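There are 2 protein chains.
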Amino acid sequence: MNTDVSEILKRNQLSVTESRRRILDLFKNNNGALAHADIEKHTGEQFDRVTIYRTLQTFVEKGIVHTIPTADNSVLYALCKDDCEPGHHHDNHIHFICDQCGTTYCLDHLTIPQVSLPHGFRETRTDLVVSGKCDKCA
Amino acid sequence: MNTDVSEILKRNQLSVTESRRRILDLFKNNNGALAHADIEKHTGEQFDRVTIYRTLQTFVEKGIVHTIPTADNSVLYALCKDDCEPGHHHDNHIHFICDQCGTTYCLDHLTIPQVSLPHGFRETRTDLVVSGKCDKCA
DNA sequence: TAATGTTTTGCAACAAAGTTGCAAAATAAA
DNA sequence: TTTATTTTGCAACTTTGTTGCAAAACATTA
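Going down the list, the protein sequences come from chains A and B. Heads up, the numbering used here is the position in the first sequence plus 553, with the first residue counted as 1. Heads up, the numbering used here is the position in the second sequence plus 553, with the first residue counted as 1.
Note that these hints are calculated values from the structure, not bench results. Since we're looking at a predicted model, the values are computed, not measured. A hint or two may mislead.
[Said to hold, decoys possible] Computed beta-carbon distance windows for the label pairs: (1) A/Asp557 <-> B/Asp591: 41 to 51 angstroms; (2) B/Glu593 <-> A/Asn565: 34 to 44 angstroms; (3) A/His672 <-> B/Glu638: 28 to 38 angstroms; (4) A/Lys689 <-> B/Ser669: 31 to 41 angstroms; (5) B/Val603 <-> A/His672: 36 to 46 angstroms; (6) B/Arg564 <-> A/Lys634: 21 to 31 angstroms; (7) A/Gln667 <-> B/Pro671: 30 to 40 angstroms; (8) A/Asp661 <-> B/Gly597: 18 to 28 angstroms.
[Stated by the list, open to error] Computed list of chain A residues with no C-beta within reach of chain B, every gap over 10 angstroms: (9) Arg602; (10) Arg607; (11) Gly616; (12) Ser627; (13) Ser684; (14) Lys689.
C-beta: ideal position from N, C-alpha, C; glycine also.
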């Protein structure tokens, strides 16, 4: 599985470092969104805060992960599907955040409906985030 | 117009103070969303940062303003329509944020479409935020 | 309108989140 | 293996938000 993540890094012209491998692995083995703090914990505080910030930023730029805006204003990151490219995300799916357990779900099968904007407005990104209680907490 | 905002404050069982009047007045005369920093500037740094935080929090609790989650993870606040009640917002409209000028529009006439969640998931809040270029910047 | 009780404000101190510059270490290329 | 490039970790800093508490502002009643 480490070979797996190494491949992804190489495909994105990134040098394969331990922090990048570990963090990307975390996303692969965790189908949900992760906050900066989650990553810090799950990696056993092995990496510097700054390194994690920079790694996440790099991943977003390369289209490996995308950010999710939340109502309580914390940044979440989740893996992109394969059709994302550097600088151009295609993550037009709906996100669900459970208020109780905090888990964030990428509802890949639910696409964001087309919004007909007023005249002259041009869309570049749309986020649809639902919060409430997930099936485990309801 | 100050009578106007005083009325709103009283209606919500809030004592009428200068900061509350000034900040609510700002929202009334600015049909768009405001960030904490905007309010600080527009009030000429007359009020303490803490006061502004607390005032905004109070307004959100009372259903006078609502928050808007943004992709770049800054909190925005906008006036609620009249049908909002304490602890229960009805701001199910779409928000548009212009990447260029930073203005946030409440697209009141565009309602958020119903999302059919997976079995067992219960919705309490839905945010749909579109970003791009507004009619003035496009 | 003056006196009283309650609420709100501003200050200080703190906590959390994120950024930047730079030398040392790790990775890639030769 | 050596050299060049990239990434990391540290330190210091900025920005954003929170909390406790005394002083000031507000609301209430007489």
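Tested hints:
1. With their beta carbons about 46 angstroms apart, A/Asp557 and B/Asp591 fall inside the hinted range of 41 to 51 angstroms.
2. As the Cβ distance of B/Glu593 to A/Asn565 is approximately 40 angstroms, the hint placing it in 34 to 44 angstroms holds.
3. Take A/His672 and B/Glu638: their Cβ atoms lie about 33 angstroms apart, and the range 28 to 38 angstroms holds.
4. A hinted range of 31 to 41 angstroms is violated for the C-beta pair A/Lys689 and B/Ser669, which are about 19 angstroms apart.
5. Take B/Val603 and A/His672: their Cβ atoms lie about 42 angstroms apart, and the range 36 to 46 angstroms holds.
6. A C-beta distance of roughly 48 angstroms is found between B/Arg564 and A/Lys634, which places it outside the suggested range of 21 to 31 angstroms.
7. Here the CB-CB span from A/Gln667 to B/Pro671 is close to 22 angstroms, at odds with the stated 30 to 40 angstroms.
8. Against the hinted window of 18 to 28 angstroms, the Cβ-Cβ separation of A/Asp661 and B/Gly597 comes to about 48 angstroms, which falls outside the hint.
9. Every C-beta of chain B lies more than 10 angstroms from that of A/Arg602, the closest at about 17 angstroms, which supports listing it as non-interface.
10. The Cβ of A/Arg607 sits about 17 angstroms from the closest Cβ of chain B, beyond the 10 angstroms cut-off, so the non-interface label holds.
11. Every C-beta of chain B lies more than 10 angstroms from that of A/Gly616, the closest at about 15 angstroms, which supports listing it as non-interface.
12. Non-interface status of A/Ser627 relative to chain B is broken: a Cβ of that chain comes within 10 angstroms, the nearest being about 8 angstroms off.
13. With 10 angstroms as the threshold on Cβ separation, the claim that A/Ser684 sits away from chain B is violated: the shortest Cβ distance comes to roughly 5 angstroms.
14. At roughly 8 angstroms from the closest C-beta of chain B, the C-beta of A/Lys689 falls inside 10 angstroms, breaking its exclusion from the interface.
The earlier numbered hints that this structure contradicts are 4, 6, 7, 8, 12, 13 and 14.
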